[in-house]
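Trainee: Now for the letters of each chain:
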Amino acid sequence: MSQITLTVNGTAQALELEPDMPLLYALRNHLNLNGAKYGCGLGQCGACTVIVDDQPVFACLTPCAGLEGKKIRTVESLGSAEKPGPLQAAFIDKQAAQCGYCIAGMLMRAQTLLERDPHPDEQTIREHMAGNLCRCGTHLRIIEAIKQVAGHNGSRT
Amino acid sequence: MSAANGLNPSRRAFLRGGALLMAFTLMPVARRALADTEVDTLGTVVLAPDLPGSLRTNPYLDAWIRIGADGITVYTGKVELGTGVKTALLQIAAERLQVPASVINLLTADTALTPNEGYTAGSHSIFDSGTALYNAAAQVREMLVDAAARSWQVDAAQLSTRDGIIEGPNGQRMAYADAVKHVDVHQYAKAQSPAMAAADFKLIGLNLPRLDIPAKVSGGAAFVQDMRLPGMLHARVIRPPRPGCTLQAFDAASIEALNGVVKVIRDGNYLAVVARDEWQAIKAMRSGIESAKWSGGEAIPEAAGIHDLLKQLPSKRYPISNNGNAGGATETRFKARVTKQYLMHGSIGPSCAVAWFNDGVLTVWTHTQGVYPLRAGIAEMLRLPPERVRCIHTEGSGCYGHNGADDAAADAALIAMRLPGTPVRVQWMREQENLWEPYSSAMVTEVDAGLSQGRLQDWNYELWTTPHNERIVNAGRLLPARLLAKPFTSAPSVPIAQPEGDGDRNAVPLYELGATRINMNFVTTMPFRTSAMRSLGAHINIFAIEAGIDELAIKAGLDPLALRLAHLRDPRARAVIERVRDEIGWPHKSSEPGAGIGFAFARYKNIMGYCALAVKLRVHPQTGEIRVDHVVTAVDVGQIVSPDGLRNQVEGGIVQSTSWTLYEKVAYDAGGIRSYDWSGYPILRFTQLPKKVDVHLLDQPGEPFLGAAEIVQGPMAAALGNAVSNATGRRWLNLPLTRSSQPA
Amino acid sequence: MRGAQRCLWRNALLRGPVILRCKGLLYALALALTSASAPFPGCYKERFHDPHCTRPATVRRVFLPTMNSHLLKSRTLWISVGVLAVIGLIVAVALMWRPAIAPIKRPTSFNTAQLQRGARVVEAGDCAVCHTRPGGEYLAGGLPLVTPFGTLYSTNITPDAQTGIGEWSLPAFERAMREGIARDGHFLYPAFPYVHYRRMSSEDIADAYAYLMSGPAVHAPARQNQMNFPMNIRPLVSFWNLLFLHGEPLTPLAEHSAAWNRGRYLVDGPGHCAGCHSPLNLIGAEKSSQYLQGGSVDGWEAPALVGLGQRANPWSREQLVGYLRADVVDGHGTPAGPMRPVSLSLARLPASEAETIADYLLSLQNPHAVSETTAKKQPVIPADHTTGALLFSSVCAGCHAPAAPMREIDGRPGLQSTSALQAASSRNFLKTVLEGVPAIPGAPGPVMPPFAASLDNAQLGALAAYLREQARPEQPWADLSSTIEALRQETK
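If you're matching them up, the sequences are chains A, B and C in order. Once you know that position 80 of the first sequence is 80 in my numbering, the rest is easy, because the numbers rise by one and skip nothing. Once you know that position 535 of the second sequence is 535 in my numbering, the rest is easy, because the numbers rise by one and skip nothing. Once you know that position 278 of the third sequence is 278 in my numbering, the rest is easy, because the numbers rise by one and skip nothing.
If you are wondering where the hints come from, they were derived from the structure by calculation, not from laboratory data. Hints may contain errors.
Claimed, not checked - Restricting the straight-line Cα-Cα distance to at most 25 Å, the calculated cross-link-like pairs of lysine to any residue (SDA-like) are:
| hint | chain 1 | residue 1 | chain 2 | residue 2 |
| --- | --- | --- | --- | --- |
| 1 | B | Lys589 | C | Gly136 |
| 2 | B | Lys293 | C | Asn225 |
| 3 | A | Lys71 | C | Glu179 |
| 4 | A | Lys71 | B | Gly220 |
| 5 | B | Lys691 | C | Gly442 |
| 6 | B | Lys691 | A | Asp121 |
| 7 | B | Lys692 | A | Glu76 |
| 8 | A | Lys71 | C | Glu435 |
| 9 | B | Lys692 | C | Gly135 |
| 10 | C | Lys492 | C | Ser425 |
| 11 | A | Lys70 | C | Glu408 |
| 12 | A | Lys83 | B | Met227 |
Using the sequences provided together with the hints, build the complete structure.
Mentor: Here it is, written out as C-alpha cells:
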C-alpha cells in the first residue's frame, strides 16, 4: 500500500492505495464517486473519462501514482442533480440519455472541448466526441445538448 | 382509452396461451416446456383472463397501488432499462389517480414487493404494465371517491379530486390516505374502468422529464454498479477459454496469498476470486487466468461457412403461415438468399450484480429483465426455497435483450452463498461480456415471391435460426450453473409462438398476399449461445421482405412505395407511409454521385407499433463508405404516453440499427472469438451518425398502447438496404452491408 | 508519405536554397566560361538538358582546372563574366520555368477494368494517406505536413475543375508524377514523392489517372502553404530536381523471378518505401548508397529494410507479409505510426502484392550488418523494476499481460518481442505509447489508446526501461529521458 494525495474536484484527499491502482477505482471505491464508470478498462469506450489538468483521460488506464499535484475533475464537479451546471442542465433539457451509463464520460469529454473552444461547430463536436461510445444511440441528443451550451439555436443540421 | 374489455385479437392469442397455461398448472404433471410468449413464462399464471394488461396475471388492485400515510406507492413488475418506461408508467398512474406525478413513489420489479410481469421485453411494458396501471389506478381512485361519498352521504358523481384530496360539494375534503382506510384495496380489479377522454389528459401525452436523468448526469448513484453495502467484497469470475472446457489445474493457494484476497472459489469448472478491494480482485483474477489450465472445449465453426452450417444442423421446422394457393406463373419474381451474422448486445457497461446472504435470505440486486424467473433459476441452482431468494431490479446499462445480466446475478448468488453475511459485488470484465453474453443468432432466409399485374401473388419464405429466447426457465439456463462440478442442464429450447414470434418475428408480411408459405427451421444445436436481442428475427425478416417488395416493384417498373400502399388497407399503416413519403419528398434524391434513397415499412409483430422510414444516403463510388444524410420516419404507437420518450427511443433505435446493419458482426474462427473487446466489434461512432433525423409521431389518442422500443430496428435496416441498392444498382442482401460481406 | 517528406524538407530547407542557387549559378557560370573558351564537350550539354545525367562531383572536377588557367586577365575577363552572368541568369530562369499544359474537360466515361487496376495502383501508392485529412473527404487534400520551416497542405486530387485535378489531361498528370510539375507549370515540392513515381510504368500511371478522374469531384480549395522564406519560392525546387531527379521506369531484371521484380517495382515505384526507409542527405534527398538502410519520418524511426532475415530477431516471410498487411505477428507485433496506414493499404490489396514485397526485401542483404549491434555500448543502468512493473500492472496489463484476451485468445505476442522494443532507438516504442494506435471507424483491428495525458515523463521512462529489460536486457536504452523530452516538444 502507498500513501498518495489526489486533488479531486478541488479537494485534496489523502488516500492509502495499492501502488498500481488506476484512477478509476480510487475514484469509485475510495472516494465514492459514481460518475466515472467501468465500461471496458481498456481505453476503448470512454465511460471512465475524467479531466486531469484540463485534458480528458481514461481513468481506467491512468495510474494514481504520478497524479499528485494534478487537478482531477469528475462529473460531480460540474454540478449536482439539484443544481446542475450549464452542460448538465443542457443534457437534462434535451433528455440526452437513454440508459445513461456513458453520459458522465460524455459530459467530461464535452467539457474539455468547450473549455478549449466555447463555440465549436457540429463537425468539430462530432470529431471531438468520437472517442466515446454510446450503445443506446443517444448521440444525436448529446450533440444537441453540447450545441445548446455552445450557443447554437438547436436545429438538427 | 376505451373500455378495457375491447380486447383486440392479438390479446386473445395471449389468452388462449394463458388458458393453456392455467390448465397445465392445475394438472399434476412434470413440468414441460411450453411455447413461451416473450414476457410470460412458466410462473406467470393467468388468474383473470378478462382483465386488461397484466391485471390478468396480477388481478389484485393492491398489488399495484398502495396508499398510506407515507404517500402513494405504485408497483410495476417491469423494469427501467434506459427506455424511460419508469417515468412513463408513473405518468399513467398519476394521470389515472389524478395526483401530481411528484407524489408517487414508483417501485420497479422486486420479487418481494411487485407483481410478476415476467420479462421487460418485447415492447410489452406499456402494453402490459401501462394498461394494467391505467386501469388499476383509475379503479382505486374510484373506490376512494366512493368511500368518501359514502362517508359524506352524497352521490359520488358530485365529488372531484385534486392533488390527492377528494373534494365534496359542500367543501368537504378528505385525503386519499384517509379515504383508503375505509376501502379494501385487496380485491380483484374489474373488467371495466372509469372512462377518461384523451382530451382531458394532463400527463399522458405530455413530456414529463425523466426521473432518472438528473442523477445520471451528476454522478448520483443510479446503477447497480454504484451500490455500496457495508462490508461489501469485490469478486471477479474466471471463465474457461471457451464453452465446454475442463479445468485441469489451478493454483488457488498462490492467489489466496495475494494482497486483500479473501476467498478463491473452485467448483468444477467454476472459478471466482473475492477480495476486499476491487482492484485487488482484478489482479487476483489476472493471476488466476494465468494459472488456470484447461483442456477440451467445444469447436468453433469458421465464419465463412456459418450459413451453410445453419442449414445443415438438425432443426425443427415450424410452419408459420400457410394460406391460399399459388395460381400459375407470375410475371415478375424475386428469389434470393438473405443473411445476417451473429450480433452482440454490446452493453456499454458489462454485467454486474450484488448479492447478500443474510439471515437465511439471499438478496440479489440485478439488472435482469425478469426478476421472477431469475429468482426461480437461482433458487433451483442453490437448492433454496424460492421464498428465500429475493431479486431486486437495479438499473444496469442498456441491455437490449438477454445479455449477461442473469448470469452475473447467478455468479453473485453463488459467491455470496460461500460468504454468508457478507455482501458480494461481481463485475464482469469487458471481454467476459463480449464472449459470454448470448448473441443474436446468425440467420439465413430464402425469399421466393411473385408479382403479377401489380398484385403480390405467392410469398414463399424459409428461414433458419438458433433460438431467440433462452431465458431463465430453469437453473441450467444460467451459465454459471453449467460450470459447477454438479452442473445443471439447460432446458430444451422452444421458440416463442406467433404472433409474437421468435426468429420468425415479422416473417409474415403485413401486405395483402395471394398465398403464403412461410416456415421457420429452428436449430437447437447452437454453435454459439443465442437469445433475445431487440426485435429478434424482425431485424432480418423485415430487411428481407422490404428488399423483396422493392425488387419486385423495380423489376415490374412500379414505384416501390406505391406498391406497398396498394397492398395495405389499414389506415394507420397507410398514414405512416404517406407521411414519410411527403416529408422526404419521395422519390427525389440528390444528384451527387453515389446518392440513394430507400424506403421501408413494418408493423412490429404485425400487432404492435407502425413504422415507416425513408433514408437518403451516399455510397462513395470509390471507397464504398456509406454516409447516411437524412432519415425520416413516422411512427404510430397508439396513445402516446411520453412524446419525448417515444422520440428518444425511435432516434436511439435508428442509430443502433444503423450500427448493426452497416458494421456489426461477431468475428470468429476455429481459433476463437475475436470480438473480445470493442476493437474486434466496432460500433457506430459520432463521426458515422446520420446527419439529420426527423421523427414524426402520429398520436392516436384513446387507442391502446402499442409499445415503442423495437419498432424501428427492422425498417431502418431495410431502408438502408434499399437505399444502398438504389445508390449503387447492386442489391446487397448480406448483413452487415459491407462489400466484403457480399459474395464475390 | 507525409512523414517522409517532412524530414526530407527539414534537412533540405535547412541549407538548401542558398546552396542550390549558388550551385545553379556556379554551373551556369562555369558552363558559360568553358563555352566562351572551349568547344562544348558533348557531355556537358546533355547534362544540362537531361536531368538523368547529373554528376555534380564530376563536373566540379572537370571545370575547376579550366577556370583556373584563364583568370586574372584584363577587361576581357570582366566582359566575359558579365556576358556569362547574363547567360547564366537566362539559363537559370529557363531551369526554373515550365510551360502550362492546356486544361481539358474532365473525362466522363471509363473502362471498368482500368478503374479496378487504377484503384490498386492508388492503393499501392498510398495517395489517400497524404491526400485525405482526418474527417475530410477522400482525396480532397488538406492534410498538414508540418516541417520546422513551415507547413504544407496536401492538395485536392479529386477531379474538381476549380480546386482539384479535373482539368488535367493524362500528359499533365504523367508530368506531375514523373517530373513534379503541376498542370499550370508550377513546381511541386518533393514532399510529393515523384522521384519514386517516375519509376512507374505508363500503364500504371494511366490507370491511376483514370481512377482518380472517375471519382466524385469535391470542391475543396487548397489551403495556403505556410512555408518560411525562402522555402516558399517554388522555382528553386528545379535545382533540387536537377541534382536528384533521375531514374527510369523500372524494368524487370531477367536474373530475378517475376515475384522479386514485382516486389522491387512496388517498393521503388508506387510504394516509395525509400522515402522513409532510406537516410537522407543534407538537402533532403535519399542517399542511394544507403538504400533502405533506415530513416526517420514524423519523429518515428523507419527501420532498415535490408538484412531482415539475418537479424538477431529475424523476419520470416510469413511474419513480414503479415506485418505488411497490418496483422499482429509473432516476434514483431504490428505496425504503428505512419506505417500503419501503409500496411492497411496493403491489406486491401491482394496478399500476393505484399508477398512480392516481402520476397524482394528479404533478398536484400545488409552490407554493414549495422544498426542492430552498433548501438553504442552503454553503461548498464538498472531499470527501476518496481515502478516499471507497477506501471505495467496499472496501465498495460489489461491488454498486454499474459492473462489478457488478446494474448490468450488471439495469441498476440508479448511486448518484449515487438520490433519497437527490440529496436536500437526507443523512439518508436515511446511514440506508440504516447499516440496510441487509432481505431478505424467501422472496421475491426488492433487499437491502443494514447497515453500522452495519462503518464508523465518519469513514468514513461520507467515503463520503457522496464519493458526494454524484458526485451533486450543487454542493451538498455540509455537516453530515455532526453528522447522523451524531445518527443514531448515535437508534439507541442
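Trainee: Each hint should be assessed against the structure and marked as holding or not.
Mentor: Here is what the structure says about each hint:
1. As the CA atoms of lysine 589/B and glycine 136/C are separated by approximately 23 Å, the hinted pair is consistent with the 25 Å bound.
2. Taken as a hint, the lysine 293/B and asparagine 225/C pair is broken in the structure, with Cα atoms around 60 Å apart against an allowance of 25 Å.
3. For the hint pairing lysine 71/A with glutamate 179/C, the CA-to-CA distance comes to about 54 Å; that exceeds 25 Å, so the pair is violated.
4. A distance of roughly 22 Å separates the Cα atoms of lysine 71/A and glycine 220/B; the hinted pair therefore holds under the 25 Å criterion.
5. Of the pairs offered as hints, the one joining lysine 691/B and glycine 442/C holds, with about 17 Å between alpha carbons and a cut-off of 25 Å not exceeded.
6. Using a Cα cut-off of 25 Å, the hinted pair lysine 691/B and aspartate 121/A holds, with the two alpha carbons roughly 13 Å apart.
7. Restraint check: the Cα-Cα separation between lysine 692/B and glutamate 76/A comes to about 32 Å, which exceeds 25 Å; the hinted pair is violated.
8. A distance of roughly 22 Å separates the Cα atoms of lysine 71/A and glutamate 435/C; the hinted pair therefore holds under the 25 Å criterion.
9. As the CA atoms of lysine 692/B and glycine 135/C are separated by approximately 18 Å, the hinted pair is consistent with the 25 Å bound.
10. Between the alpha carbons of lysine 492/C and serine 425/C the distance comes to roughly 21 Å, so the proposed pair stays at or under 25 Å and holds.
11. Distance restraint check for lysine 70/A and glutamate 408/C: the Cα-Cα separation of roughly 36 Å exceeds the 25 Å cut-off, and the hinted pair is therefore not satisfied.
12. Simply put, lysine 83/A and methionine 227/B have alpha-carbon atoms about 23 Å apart, close enough for the 25 Å limit, and the pair holds.
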